[in-house]
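Enquirer: As a plain string of letters, each chain reads:
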Amino acid sequence: MQPVYDHILIRYAELSLKGKNRSHFEKRLQLNVRTALRNFENVKVKRSFGRMFVELNGEDVQGVSDTLKDLFGIHSLSPALKTNNKLEEIKEAALFAIKDALPDEVGTFKVSARRIDKTFPVQSQKLNYELGSHILQNTDQITVDVHNPDVEVKVEVRQEATYLTCKTVKGPGGLPIGTGGRVMLMLSGGIDSPVAGYQMLKRGVDLQAIHFHSPPFTNERALQKVKDLTKVLSRYAGMDITLHVVPFTEAQKKIHEVVPGEYEMTIMRRVMLRIAEKVAANNKALALANGESLGQVASQTLDSMFTINEVTTMPVLRPLVAMDKLEVIDIAHKIDTYELSILPYEDCCTIFLPPQTKTKPNRTKANRFEGNLEIDALVEDAVERTYKQKLSASEETDKEFEDLF
Amino acid sequence: MIYFDNSATTRPYKEAVDTFVKATVDFFGNPSSLHPAGKQAERLLVQTRERAAALLRVHPKEVLFTSGGTESNNLAIKGTAYQHQSRGKHLITSEVEHASSYETFKQLEQEGFTVTYLPVSRFGIVHIEDVKKAIRPDTTLVSLIHVNNELGSINPIEVIGKILQEHPKVLFHVDHVQGVGKVPLDLKKANVDFCSLSSHKFHGLKGSGMLYTRSGTKLSPMFAGGSQEHQLRAGTENVAGATAMVKALRMTQEAAWEKTDHLYRMTEKLIEALKSVDGVYMNTPSERAPHIVNFSVPGLKPEVLVQSYGEKGIYVSTKSACSSKFAEPSRVLLACGFSHERAASGVRVSLSFENTEEEMSTFIDYTKEMIPSLLKVVNK
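In order, the protein sequences belong to chains A and B.
Read in my numbering, the first sequence has 379 at position 379, and its numbers run on one by one without any break.
Read in my numbering, the second sequence has 740 at position 335, and its numbers run on one by one without any break.
With the rest of the complex left out, here is chain B:
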């Protein structure tokens, strides 16, 4: 199997699974219980949080454990919108957000909030000037994706963070789910207030995520209940999931030191190779994350491509996994100004540090052979 769908999910590290099993079995207590088993679980949770904070270079109390990227995005966006709605009901985001942000904003619109959806350039990123212009006196939040999950384009988060520094009442949320370990983001330097992470995107397990909440910010919680997670997320903590996530994060960061160049080399090779295949259009811009390549073969349904690859044991995806079951053109590609046909035929290749050069060679060889033959059939 050649697994090139790492933006959908990654194969968990064995070490992370081991951690999960050990933590689940040995430290199963409820961290809120007063007895020693509870204390031990609480202790593990505290130290997990400290480790997470150290890896992200933030303070432990700024780390909130959630159930994943979707919850983190929902909590940051709704939590801010509701918390500050007496001050203003205007929110800013972009047209190329992940569904878990985008649909949250759609929902808030129905509840009477006003949302500005910033357009993006051909390269899938927002214009700095547009961000500046969109800010109004009643704006409470700017929420942007760092590394786009379909394209691999990189929003200028640090520059936008600097701009927002002049608007201290506008909070800044960054969806960093695809960027973790791939494109560095210094949360403090970029003046980020909230940042979403998801464990299974970096070889942890599903059902765990994080939300960085800068100290001094307030959120309206989504769940009513106990006082877990600084009273921002009720519910018995998933200690084992969080611990496994921290293990995976550490291993990912270590891999990033050594292997980021290797990722860039592999995707660069692919982009170069695709240039010579007739009928293929590159959607990923040249300024990009190391692990995502998105291309279109107009005229070919992407499902056909995905299936053809699948027959050879090669796994890629069409658009975002969270929206790929609908046979519509990609909202993200349309927003970049691509034609309907091109937006409806995007294929995404997404790598992880575990992929090898041989896998990429196999993939390229097969692509060069398959696409022309498929095009021949449909163009007859």
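Chain A with its partners taken away, still in its complex shape:
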């Protein structure tokens, strides 16, 4: 019988360090893997001794690996062949694996066998030799290179079966989503905030997003773009992400009317932060997150942060604070948000922008200007009218288009 990949081996790195919490982290990762693979009906996800196995049961190995390779908490994964603990079967599987990993049958390899089941009669060194010779005898242009091989055939003889892996796909690392508490991401639709969301997801948080929408000054396409970005992020979350949309037109108009131009942006940010804090608290989030990078624009100078941050006691996490724009763009490309982010629609940060904005606002003045606004009422009203929508990466198609494809 021709061997096929029957499961995928998942390794996790940082998790192993987490002491007594480890089983909690592992269980969460297992749940996330199951959720991510919910469309592959036949797969089974199992844990054993610091590893996780996804039994394919006939599902497409490529599709499953592609889904898993973006899941946080996974260090690497390898599609694995499973055979009986019989030398002849292991040999055949090794040959199959190398031909699959080197389809042109050109390249170098080495065999690394481990015998966890010490009752297996062939010792590791001998097994290396046996499998290596079998591959060499049955291929023409594949040679051994023990130092820098193109492919390493890893063989583990365990009690229950023998596992062979050839290729290793790197995962994103980080911690499993859902182990880090809930965070509310302020998502504008620019390049930075989706990357900030991604960085937060990497640390295992349960992410929700909040967006400020000011129709008719910001158009439906801008909101759609934010929804699409949320869907991309939900791919990395491995689950739906709730997007809270704040109708911000009224508040923004008021601020524009009352506050002097150079403080408009500062006050607007303070109001947004207050609204975000409320929405976060209502949804049991313990922190806010945004895409600010120190000194990037007027609202992101240290003076601005100091003045704007005054209005909340909730932690404001800024994962990009010490990153250069180009580093952020690199990540945006990698996570597939860049192309969406650069679509040229107005967002709530760019409309009503006065010709000049204070780069060094101070708290005293900010508070004084806010005296002319009914801040609490503005915030309450916006929070009340905020609506939410769950967005999922698996809903690639709008409902109205479904039957078209």
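Among these hints, one or two may not hold up.
[Unchecked claim] Distance windows between CB atoms, simulated:
no., chain 1, residue 1, chain 2, residue 2, range
1, B, Glu677, A, Asp66, 54 to 62 Å
2, B, Arg462, A, His333, 12 to 20 Å
3, A, Glu41, B, Glu663, 41 to 49 Å
4, A, Leu343, B, Glu677, 53 to 61 Å
5, A, Leu343, B, Asp431, 20 to 28 Å
6, A, Glu41, B, Val564, 36 to 44 Å
7, B, Pro542, A, Arg11, 30 to 38 Å
8, A, Gly58, B, Val564, 28 to 36 Å
Hints listed in this document are in silico derivations from the structure and should not be mistaken for laboratory results.
This one's a predicted model, so the numbers in the text were calculated from it and none came from an experiment.
All C-beta atoms, glycine included, are put in the ideal place defined by N, C-alpha and C.
Position chain B relative to chain A; hints supplied.
Expert: Below, chain B alone, put in the same frame as chain A:
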């Protein structure tokens, strides 16, 4: 009707036509318009592109919608030639390309480009060594057909892609119009920079095609105008055509999973049967695509054969539909080294997943009866 001319065009899937009608009527807006109708059409186009990309296993921004195979080939070839002409004006192709590539190269020659037309073997494919030898410091493009539209022969695209990896400045265009759904091609693995597809060859509608443009490549656009299709193809997008194409592509790929063996069985049966008919010469090589069989009956004009089949409601063609109106020998068959007479008498049978074993049996029975009787008349 027994329709065996699927390399010329296919009957559109009903589902693809339904999609076209619905998309045309319900989402008629111009994707560039700012109002909700425009936004909706844009949205449909975006999601169509995502679907296309997923089916081809590429990135959405690498998918360009065009008007069909001819435009895709023209855009890839001219677009590359013009874009990089300051670096070099040497281009490489083969002698058995489809007219939409071949004539494009002829045109470029008149404009001062130098073109190497690689010869092909008896089996209709280029020699790897010839490709290697043809590459010069001023070469900017290699353009090859994957599955030959007349013969069904398969060029070793993956191997050539590997060779070209050592020449990062030489771009690689593949005309995959006949191969879609029939002979798999992994664009990433084969290191392909541009790849042409045509909707009506896989049960979509005429007037729609695709060009895969690998991210990082540049093309000089052929049309001046708006900034549609990543500024590479001006003109209001044919959203409904593209959506119908994606539907047809998905259905074709699904059919390919189940029915490729079935296609091979039918054509194998035909090839076997033709062996026993005197005066018939097989032009299609044994390493071939599942759906095309080309044979010659020297002495019989192919038009006569096509008409005789036609009388029985069986539709086949002579050479490529795009060149079959000229009564000249097939350029492709001549390039394979066949005699003038044999090259002038080629008949092409091309199947789709919709054809049945019964149809093939009928075809074979009729062929066995008709060819000897026709030969008897002309050989008198």
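Enquirer: Each of the hints needs a verdict: does it hold here or not?
Expert: Structure-based check of each hint:
no.: 1; hint: B:Glu677 x A:Asp66: 54 to 62 Å; in the structure: violated (41 Å)
no.: 2; hint: B:Arg462 x A:His333: 12 to 20 Å; in the structure: holds (19 Å)
no.: 3; hint: A:Glu41 x B:Glu663: 41 to 49 Å; in the structure: violated (19 Å)
no.: 4; hint: A:Leu343 x B:Glu677: 53 to 61 Å; in the structure: holds (57 Å)
no.: 5; hint: A:Leu343 x B:Asp431: 20 to 28 Å; in the structure: holds (24 Å)
no.: 6; hint: A:Glu41 x B:Val564: 36 to 44 Å; in the structure: holds (38 Å)
no.: 7; hint: B:Pro542 x A:Arg11: 30 to 38 Å; in the structure: violated (46 Å)
no.: 8; hint: A:Gly58 x B:Val564: 28 to 36 Å; in the structure: holds (32 Å)
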